[in-house]
Every structure is written in structure tokens, then in C-alpha cells.
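2 protein chains.
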Amino acid sequence: MNRIFRVNMKDLTCKIEDVPEAWAGLGGRGLTSTIVAAEVPPTCHPLGPNNKLVFAPGLLTGTPAAQSGRMSAGAKSPLTGGIKESNAGGTSAQQFAKLGIKAMIIEDKPEAGKWYELHVNNDGVTFHDASALKGLQNFDVIAKMEEKYSPKIGVCSIGIPGEERLMAANISVKDPDHKIRSHGRGGLGAVMGSKGIKCMTIDDSEGKRVEIADKDKFRAAAKVFAKAMLDHPVTGEGLPIYGTNVLINILNEAGGLPTKNFMYGSCEHHDKVSGETMHDIISSRGGHTKHGCHAGCIIQCSQVYVDENKEYITSGFEYETVWGLGINCMIESLDDCARIDNAMDNIGIDSIEGAVLIAVAMEAGVIPWGDGKETLRVMNEEIGKATPLGRILGNGTASVGHAYGLTRVPVVKGQGIPAYDPRSVKGIGITYATSTMGADHTAGYSIATNILQVGGHVDPLKKEGQVELSRNLSIATAAVDSTGMCIFIAFPALDIPECLPALIDMINARYGISLTGDDVVELGKYILKTEKAFNDAAGFTKADDRLPEFFEYEPVPPHNAVWDFTPEEIDEFWNF
Amino acid sequence: MNRIFRVNMKDLTCKIEDVPEAWAGLGGRGLTSTIVAAEVPPTCHPLGPNNKLVFAPGLLTGTPAAQSGRMSAGAKSPLTGGIKESNAGGTSAQQFAKLGIKAMIIEDKPEAGKWYELHVNNDGVTFHDASALKGLQNFDVIAKMEEKYSPKIGVCSIGIPGEERLMAANISVKDPDHKIRSHGRGGLGAVMGSKGIKCMTIDDSEGKRVEIADKDKFRAAAKVFAKAMLDHPVTGEGLPIYGTNVLINILNEAGGLPTKNFMYGSCEHHDKVSGETMHDIISSRGGHTKHGCHAGCIIQCSQVYVDENKEYITSGFEYETVWGLGINCMIESLDDCARIDNAMDNIGIDSIEGAVLIAVAMEAGVIPWGDGKETLRVMNEEIGKATPLGRILGNGTASVGHAYGLTRVPVVKGQGIPAYDPRSVKGIGITYATSTMGADHTAGYSIATNILQVGGHVDPLKKEGQVELSRNLSIATAAVDSTGMCIFIAFPALDIPECLPALIDMINARYGISLTGDDVVELGKYILKTEKAFNDAAGFTKADDRLPEFFEYEPVPPHNAVWDFTPEEIDEFWNF
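Line by line, the protein sequences are chains A and B. Going by the UniProt record's numbering, the first residue of the first sequence is number 1, and it counts up by one from there. Going by the UniProt record's numbering, the first residue of the second sequence is number 1, and it counts up by one from there.
What the hints contain is simulated information worked out from the structure, not anything from laboratory work. Yeah, the Cβ is synthetic: ideal placement off N, Cα and C, and Gly gets one too. A hint or two may mislead.
What the hints assert, rightly or not - If you want the ones that stay clear, here's a sample from chain A, every Cβ over 10 Å from chain B, calculated:
(1) 143
(2) 295
(3) 405
Said to hold, decoys possible - Chain B regions said to be covered by chain A (calculated; three or more residues, Cβ under 8 Å):
(4) 5 to 17
(5) 189 to 200
Isolated chain A, as found in the complex (with noise of 0.2 Å):
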């Protein structure tokens, strides 16, 4: 991976140029965050031409390493106008990696109503009239441009709502199935929807495997570092059996499940929705209850859920999707909630923030509570098809907030909160409040210790480590970030000893290096860091690192806990 392909939307160009030294030992979010901080304006419109949308593989992407295939999405974010890394898996990482590309900037726009197809290939990128794609949503894409090339070719690309600039609207990548994995949180599908791409496709057949500089330390890094996730119980036992669903009945438990708009901490049809039951529900009907989201994943965390009649409804179905659609929003059909999601993959929005979203919409009164069937019609006909209805909604759950003057608004930054009530899980409440990305669980997952008593335990109704919980987790999840591994990596990670070791000697066998641990945990400050310096340039302060005014006033059953932090408390995140 050594040339970035700088592309640039008004003059449809592409000039390849080498990695800056400052870069090369950058991938990932690390990658897209430097970028995005080096060269956007902090303060310009995102959907302006002074954005810029930026693509970047992990530093071992494109390597036999298990987990390894994710690729970082990051811009200037409509949802939160703060900066975005948004990662995925699907195919267009290693294809990327394989291309050499160790990172695609895309710059400026088109004259507006000008739509594009990026082929990106060996020689760099062409651009091609998509205006026959225009209006087609995310599967069709995908089949088209199947049709058009090979069942090989990857595809990126955005439906309806991001075309219309929608900041739910999320980049949908091809998996190894023919289906979605998405670039899901904070709008960057809107950001490409203004530079005019309907869709990127990919074509590495000229491309090359991705050279390793000791392969035979490579070879037993990647070992150990295997045999840890296959060790641990979490990556080895819960989420290959039950997906990441296992959660339901665990939050549900520990009163942490936010239910009907963050009323209730636990729900009494958890049940009926949950991991075991999607497990059972899966294999009775011959569906896959084991799926990955990019080749060599072991984890296989990912499910194809199909009907009765074992036709596929959606895969990738997640527990977040899950809990917002059956819990948050009282959809107690798993089968309408797998079609739900099927359809927000289809036009291409966050599933997370679809999910709440569409909760705050029935507390508004616009979608009665619980109706599966409702819910997938305002999908398709009204967000799908961005009618005012729809772009109300299709804009994130604050945009539903402000449409219906509700105060009971779980957003932070912009982005909707999901799955874990801040006022019974408090670690993952500081992670919300002090994210770069705006709420966001993924940026310092502190439910690990919290709630799964992975890394050892915080009390996660008390006050006392959360910060440090969340601090360090945040740290290490930036770090993490960049090298293109999955997150739940960090589950071995924090309690096999041999296990971050062999990440970072697979990082140095691949470039023949010598980072430490500690190189590691600064390079994870340093993105922070970075991050922080763009949104607080952008105009974001101490105010914007603050849970929603409820959370204070209205006690959550069943621990019938508050949000407790003081703005001093919580602005020790940042003393690093």
C-alpha cells in the first residue's frame, strides 16, 4: 500500500502520488482522521466543496491476519459537523490493499445533478456517467454493476437517501456474499452523495498480495493472535453462536436495554427478540447462523437470516439493529426487524441511528409503537424515496426531534444513542458524551467491563473508573482503528496476555518495524487527539461532550438510575 489516489470530483481527475513520510506509518482511522484534520476546513459545509471524503484500509489489511478487513471511511460529518471515521467491513478494504492504494481522497463536486460511477482499478480511477443508476437503490447497484463488470467487482455505493443528501445515509459496501456491510454512522453517505458518486466500483485483478517484511514473524504472530480470539469466550463461544444479539438478554438483565425511547431500562419481550432466539429461529429454517463480513474472519459474528421458507431476509443483522428496532421501538416480530433492517441496507441508511430514530418518530406520535409493518413501509416509502416525511426522518433522530419539538432526544453530538442506557451503564455514558464521532458505543465499548466483565470489572451503576474505563478503552480503540482489525479484537486483547502482543508484532513483521506498546497507546492518543483539535476548530466545546438534558431528570427502572456526572467529571476524559 504505497500510493494514495487523489481524486477530484469537479475536474473528474486522478492524480497518484506517493505516501508522505508523516503518513506511512498510518492506516485506518488513523489515516482518514489525519487527512480529514490535515486538509478540510474545519469550519466549511460538509456537503460543500471543501469537504473532502476519504477511504483508508487498516495497516494490516490485505494480510492473511485474521480480522484484518476493515476499511475507514472519514470526512467532515453532516449528522454531527464534527470530524467522522466510520469503519466496515466487505470486500473493498482488501481490494484496496491489494491495489496498493493506501488511501482514496476524494475531493470538490460536480456540477449539481452530475452522477458518477469511480472505477477504481490498477491504473487509477475512471469516471463513468451513472446516470442510469440514479435513483436505483443499493442491491440494484450492486447488481448492475455485477452485471456490468464480474460477480468479482466491488462495489461502494449509496441509495436514494444518499443521493438526496440524507444524514442518516450511509456508504454501503459489497460483502463476499453479494450483500451490504455499511460505512453506517454519521452521514458519510450524504458527503458522497454531494461530490455526485452514485457508486465506486473496484476491480483488483491487476492488483498485487500485499508484501509482508518477515513472513515467517508474520506467520507466528498470526497464529497466536488467531488461537486468542478462538480462546477467548466472547470471540470464540458468544459471538459465533448467537452473533452479537447474545447482548439482548444480557442489557435486559443487568437493566441497561433501553426500551420505547429510553422509558424503561429492561423490557418484557426481550425474549422474543433475542440472540438465543434469533439463534433458534435461524437454524430451525436452514439459515446461517455463522457469517463473516470480510474473508478471514474466524469470529464470524454475522448470521444470513432467512424466512420460512428459507429465503434470505437481511445478514450483518447486529445487535444495536436488533435492540432499536424490537426493543427501543417495540417491534416484537424478529422477522419484521430483519426485514427492517434488510430495508435500510437496501436505500442505504445507519441501521443504528434508523433505529432510534424511528423510535423517537412513534414518540412523536407518526408510527404507532411496535408496528414492524409501518415501519418498513416509512422505510421504503418515505426515507427511501426522501418525501418530506422522509427526510425529516431519513435526517437522524435529532432532525425528528427538532421536526416535533420533543425534548426526549437521545442524541449526543448529533448522532442518535444507541443500544446501552447511559444512566445504568455509566462507562459507555462517558464514552457517549466525550466520543469524537458524537455517540457512538464502538469508540470505547466499555459494556467489555461494565457489564461482560471482560479486562476486570466497574461497578457499571457506580461513578468510580468510569472515566479511566472509558479513557483508556477510547485509547486503545483508535489505535485499534487503524490497523483494519475488527473491534471485538479487543475482548482477547484485554484478557489474553499473548494477544496484543502478537497484533503489534504482526504490525512489525508487515513493515519491518519495532513499535511497542506504548508506541501503540500514543498512537491511539495521537487520533484522539487530532480528532478533538478538528471539532473543537470546527466549533464544538466542553458543552458538546454532554448527555441529553433527560438523562438527568428522568430515572431510568429498573435500578431507576440518573445520569450523575458532574461537567467536571466528565472532562477528565480528556486529561491524557
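Place chain B on chain A using the hints.
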């Protein structure tokens, strides 16, 4: 004015309190901003229980001083997220003064779905069920309340957009002709709606004349002051004859008349909607070319606009509204513009925000350019009924920009930019950028000196002197906004040496004090700094003191001027 009415909407009580010593010398904006800054948590949700809505007449309101009948309303704004003061004519200010109410502070909120009429009289406030008024627009509310009490009853009310907490919703105030004036900007109608207040009725029959400490001194000063109003060409001639709409031709000539959503700085059809044309239409149809927004006004810049059958269409039909509809939305029929103005009065939305947002909706393709009939329909049937499209629009210009993913969105701090292009009238650009209120021409009306050559002349197209001009005017305006005076007294105050001393003499005579000119300047500075401190604590930074990016890269004809102030130059505003 020696008492504070403190109203609690949760327990439906009104406490009558003494005026704290620190508030004794304050009125109008100085008092509302002081109270909001002291009592409202800056980071609270503007529609939540912790925001407060404050009404305060000016220091001279209730006296015979010309132009002194304006009321300030203040709160944390849902539109800007910062502090808000919006002042209006009408009858309520003088009624409050007669009842001795220095300020009314409305706290907390009732159970959702409950609606109240607050009846204010000499004994305090009583709370009447207003379920029967829910769903009525303003003119019907006024009619019902006049029927219930008497034609003399004072009324402040909200229409359906206010009930629905849309952020362009204003608070409408009955004027001496049973028509409507507005606390227009910043969405204070949404705050009133969030507190379950459909209307406030004011019975001042048991009120008393305002006491004046030194009647002779007051009388002498009032005479000098009134003479200055009549002697100045703007307040004695331009405004009384043509109304504020005299500005259309002037701004067109200056190349500072924003046309077609700020694409151009002058407009071919300007004369179709100019003040001169409007004067001729009103005269020929038998309307009134002169009209005051409150008793005691001697400028009479308002008018009553009638149709060909002499039937009332609208009044208080200001330049900014005519510009917004007639020029910026390209609606060439002044009758159409007048009917839309009336609709905005009736449904209760800010006519500046309303006009600016329609132009953005036209750019989005929602309404054809120049289509007055469709705009009128949209006002009544969409915004007025809070349909999904109506919510997008009724939440203001920024909301429309977000909903349709646009970059040419003329707002500062979320509030629509009014009728003067900041690229070609640079002093007003500094005011838009720096005002604590969001984009607001009245906050520091540089047009006086840039265009009308009042108070000297600063070349509108050059950067030199603009920051100082805007700063001085902003300080003076904050002080004037505390007196209950209309902002137009600034014209004679800037040019006629005896005008400002006479104003200060009136305040001194009223209260038996001895303010100096320096004291008034200090008052203005104190107010701006108090407001800025609130905004900073709410999360505003220098990045919020910026104009939209498109003004920097889109030159506006005919001068092809761009917004070219550096951030550092703008920030000089706050060096005082």
C-alpha cells in the same frame, strides 16, 4: 413597574415578587437577558422544563415618551441554541407597565397536552383551560378573547406552529387595531408552546399611570426628543411616507438587495414591490399609508394594506418581509406578498425567517420560483397545519437546508439572514456574524451608516471601519432595546446632537436618577457581554461568529463582492 410576576406552569401558580435591587435599573432586553442569564441553565433543552420565558417592558414604557411602547421577550432560543431577546410593539408592553409588572418570568411546563390561557391582571395571573383554543390560529384567538373579555383586552398568542413547537414560530401581540405585531425572531412561540400556553390575556383596567419622578424635566425632554424624530429625514419623512419598504430601491441601487436566495445583489423587478409602488397602491385603494405599532408612536412607519375593494389584507408589512418574498423569492405581485404576510401573522411565524426559508425551499425545488399562490398555500396548509413538509419549513431556514442537503443556506447561528447582502454591505455582515442573537440586522444596523449615510459614512464595499461601526451600533442598540424605544430612534440619535441627551433625560426624570451617556454605553456593553457569556456557556465559540461558507466563494453581482473578512478581523468585534 415595581413587581415581578413569577409564573410556574407545572403547579400553575403565580408569585408576585419585589424587584431585586440589581434589576431595578434594567428594562426590556437588559432585563430579559439578565434574567435568562441568571436563571436558565445555558445547556438546557430550549423546549424542556428548565428554560424560562421572560417578558419585560422597557424602562420608559408606559410614559408619554414617543416610541417607548415596546416589549421584550427573552428565553433560550430553540432556533439558535443561544440567548434570545425579541421585542415587539402592540399593546401588551404598555399594559404591563400600567399594571406595574417590571417582568413576568414563566417557568417549567405542565403535563403534555394541557393548554392554558394565562389571564394577567392587577392581582396576578390566573390559569384558564384553553383546550377550546387549541388548533386556532392567531386572529381567531384574538377574536375569541375579545369576545370573552372586551375589545380592550390585551392578547399575546401562538398559532398552530407555536403549539407544535416549530422553531420559526413567533409570539403574536395584539396591536391597537386588533391586528398583530410579533416577537418574531428566534422561535419564542415554540418556547411558549412548550410551556402549554396558548395565549396570555391582559386586563389593565385596574392598572395605574406610570409614575414619573420629575414631571417637568420629563415633559421638556420628551418634547426635544419628539422634535428630533420629526426633524430627521428618515424618521420624519422617509419612514412615515413609504414605510420601511422605502429601502427596496435604495438597497437595489447599492447592489445589496439579496435576490433569488442571495444569488444577486440587485433585482430587475425591484420597482414592482418598492416602497414607492406600495405607497401608490395603498393610496389609490384607500388604505392607510401611516400607522403606528403602538400608542405613542409618531413615526408611523407601518401601514394598512388593502385590496381593490378596500378590504384589509395586512399591516406591519415591513421591508424585510417584502424583500424576502418579493425579491428573494421573486414573487412579483405585491398583493401576493401582502397575503402571505397576513398568513404569517395568522399562523404565527416570523415573517423574516418565513420569507428566507421559502427562498431556500424554492432553491430546493419545493416551490417554483416566484410562485406567490403556492407560497400562500404552503403557509396556510403546510406550515400552518404542521404537516411533515410544514415542519421542515416551519423549523426555519437551516431546517430546510438540512432537509434538502443544500449548501446555499443563509443563516448565522441557525437564524435566517435578512434583507441586506453582507458581501456588498459589509458592516451588516459583521453584525450578522457577531450578534448574540444569530443573524439579525436590528442588532447593529450598519445600513444606517453604510447606505443611508446616517451618523457619517463607511463605504459598504470596503472592510475598513466596519467592525468598529458594527460594534458601536451593537452596543448602542442593546441599550436602546432596554428602554422600550423602537430602534428607529437611532437615526435622529446618530445625527441630531440633542436627541440622545433628551432620551437619557427622560430616563433620569422617570426614575429620579442621573445616568450619563457613558452609563448608557456601559449598559450596552454589559448586555452584550452577559448575552455572550450565556452563549459561550451554551457551547458557542468563535466558529459560530461566522457567515455561511458560500459567501466566501460566491461573488455577488453587480459588485462581484465576496465576504472577505478573516476570522481574526471578525473577532475584533469583541474587543471592548
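Going through the hints against the structure:
1. 143: With a cut-off of 10 Å, residue 143 of chain A remains clear of chain B, as the shortest Cβ separation is near 26 Å.
2. 295: Label holds. Min Cβ-Cβ 35 Å, cutoff 10 Å.
3. 405: Its Cβ does come within 10 Å of chain B, the nearest being 3 Å, so this is violated.
4. 5 to 17: violated (count 0)
5. 189 to 200: holds (count 3)
In summary, the numbered hints that this structure violates are 3 and 4.
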